[in-house]
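Make the full structure from the sequences, and use the hints.
There are 2 protein chains.
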Amino acid sequence: MEERLRVSYQLTCAAGETPTGKARGVALEQTVELPDEALSFDIRERMVGRVEELVPLGGRRYRAVISYPLEAIGSEISQFLNLLFGNISLKRGILITGLQWPRRLLASFGGPRYGIDGLRALTGVRRRALLCTALKPMGCTAPELAARARAFALGGVDLIKDDHGLANQRDAPFRERMLRCQEAVREANAVGGGNSLYLPNVTAGYGDFPARLAAAREAGCRAVLINPWVMGLDAVRWARDEFALAIMAHPSLSGAYFGRSHGIRPELLLGDVVRAAGADGSIYPNAGGRFGFSIRTCEAINRHLRGELGGLKAAMPVAGGGMDVRRAADWVRRYGVDTVLLIGGSLYLKGDLRAASAALLQALEAETDDA
Amino acid sequence: MEERLRVSYQLTCAAGETPTGKARGVALEQTVELPDEALSFDIRERMVGRVEELVPLGGRRYRAVISYPLEAIGSEISQFLNLLFGNISLKRGILITGLQWPRRLLASFGGPRYGIDGLRALTGVRRRALLCTALKPMGCTAPELAARARAFALGGVDLIKDDHGLANQRDAPFRERMLRCQEAVREANAVGGGNSLYLPNVTAGYGDFPARLAAAREAGCRAVLINPWVMGLDAVRWARDEFALAIMAHPSLSGAYFGRSHGIRPELLLGDVVRAAGADGSIYPNAGGRFGFSIRTCEAINRHLRGELGGLKAAMPVAGGGMDVRRAADWVRRYGVDTVLLIGGSLYLKGDLRAASAALLQALEAETDDA
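Protein sequence lines, in the order shown, are assigned to chains A and B.
Position 85 (the first sequence) corresponds to 85 in the working numbering; numbering is contiguous.
One rule links them: number in the working numbering = place in the second sequence (from 1) + 1000.
Simulated from the structure, these hints should not be mistaken for laboratory data.
All C-beta atoms, glycine included, are put in the ideal place defined by N, C-alpha and C.
There's no promise every hint is true.
Among chain B residues calculated to face chain A with C-beta under 10 Å, some are [claimed, not checked]: (1) C1013; (2) A1015; (3) Q1030; (4) L1081; (5) K1091; (6) M1138; (7) G1139; (8) N1168; (9) E1176; (10) G1207; (11) A1287; (12) G1288; (13) G1344.
Part of the chain A face toward chain B, derived, beta carbon under 8 Å [unchecked claim]: (14) G86; (15) K91; (16) M138; (17) D163; (18) A235; (19) L253; (20) G345.
Printed below as a string of structure tokens:
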């Protein structure tokens, strides 16, 4: 049977728009970019998206399902993004609510190299939720950030990542910061018997990205942080293939896609898409923090990262964005142990980073058996 | 005087949000990502954005101006994007309405290599508006697309670009398509005495991008099409520096940023930002076409591409997205001759591409003196 990408939309018709016209408009816009009258029979049949379903949802809203031939994509993530939301991003009232992936497309993207099991193997954490924190704030020198990395590692934090805003600024340039923090974590592991990983932020200009990845790998880092929406999503896939480092994806800029009636549902973008592109962990702003995701959205992201997706490895949900240490255990009970809790500010407010980390870790250990 | 990036926002406060709290939240989120209590005096003073203005606009809306130290960015476009809208994209009710650029930041991004004057020199078009069209639809073979390129070139179209959805699909793989179309345009120029340029779409996976640029340059192309929001914006700057090709930027995906009360105003993103990154022409969806930009927005984009911006070269506005051949001259009268009209579907509907192009060009020639 022919494999097609099926995309579900919630269409909101403006005055003068018909649901049929709007759905057909999407099908044309995302493929041939020509009106029906300008198309040959062959191209119309073979390339244009097919409106498979169109169901009223009440008011001016409609559910549409459009299927696309893989020939309209090829095998590149860049063209997949064009087809998914490229030109229709510039219209209004088009919300992508579901994706049914052809196995062949997922296979060409490849998914996580490590995934949940791989991250557990790298960190040596078998049964509990993983703890992640961020080195910050910008303005600190590299030695200051390294001292924090050391304290977190001695406290047992599994994943110690750069804040996503730490790039190559003067206060703590990439190379010096990465080398010092990696060394601090290595030493702390040797002293304390831990197994913490340091994840430098390798997000960079197009031309500098390979050198940052290479430097990180050479320094002994096993995992890195990448902002796919800043770098271009395919940078994740490329880094996975070329450097074999575990990858945590940051959602910076992605919120632009999360309009209520226009955009892409978060569980698809930060779930399916980021996972398919090769992220082993996907950071999202957890409910109850500084951002506005509902628990329902967060649980949907968790499902999309962990559930069946064309045989790709499961990726770790990384719940962050203003999470309180006091509620950490609650979140594990709710989300299950295959979760990374990303806790920054709330740990910093405790003052003694090592002690606060150790206490938090104990709370997570206690949640092992219930899960 | 210290140079700072000043960003103007329109803040829409939700229930429970105060304007002061929301503005300070933005200033913290986009820099240190820590609450005030966790910051040293030095970091708070030196790194956190400063709320310079906060003015009620009526209802729950406020105008805020926040200035940021360049030390929070460094000189990378990637970190600039993080600071501009990275994490706050995940919040609601934050619309970026203005940018006051420090000259030093613009200088480090560099702007267009060719700009308006350079594109005029490359095409040999001195006084009239430029005409651009797109090769389409996907599903055509490379020879079929090349035949269209030839017809457009014989008709005198200045810039003949790939449709942005032409990537590396089976029907017309990049290399074959690019070589055939470039050869067709070269031949047509030789036969007809014209000076048309073919712009292949070099948007690609991260790793394939350099090879596509190199192949295009080797084949004799002088300009290319790039989707910055798919590739990562810095890919534009990098291509400008490494390949010296003129660059037309496509707005695919950028519409995600154009929410009414949350996002970035189009004239800033498709104007300042794309220009600063190095695009010589910036495509936007013109008013009255298939997309929803107002004339006011389009004129603002034109101004931001052409006006003074830290000494950077002016870039060509490329107005497209469903423009009608019959209205082309009107748009030139309205926008001025330093405009590229991108007309695809409306030309295709005429059937005889060469004759339709030639007629359209005549209409543009007639607008030279009035402008």
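Going down the list of hints, with the structure as the test:
no. : hint  : result
1   : C1013 : violated, 13 Å
2   : A1015 : violated, 12 Å
3   : Q1030 : holds, 8 Å
4   : L1081 : holds, 5 Å
5   : K1091 : holds, 6 Å
6   : M1138 : holds, 6 Å
7   : G1139 : holds, 4 Å
8   : N1168 : holds, 5 Å
9   : E1176 : violated, 13 Å
10  : G1207 : holds, 5 Å
11  : A1287 : violated, 12 Å
12  : G1288 : violated, 14 Å
13  : G1344 : holds, 7 Å
14  : G86   : holds, 4 Å
15  : K91   : holds, 6 Å
16  : M138  : holds, 6 Å
17  : D163  : holds, 6 Å
18  : A235  : holds, 5 Å
19  : L253  : holds, 5 Å
20  : G345  : holds, 5 Å
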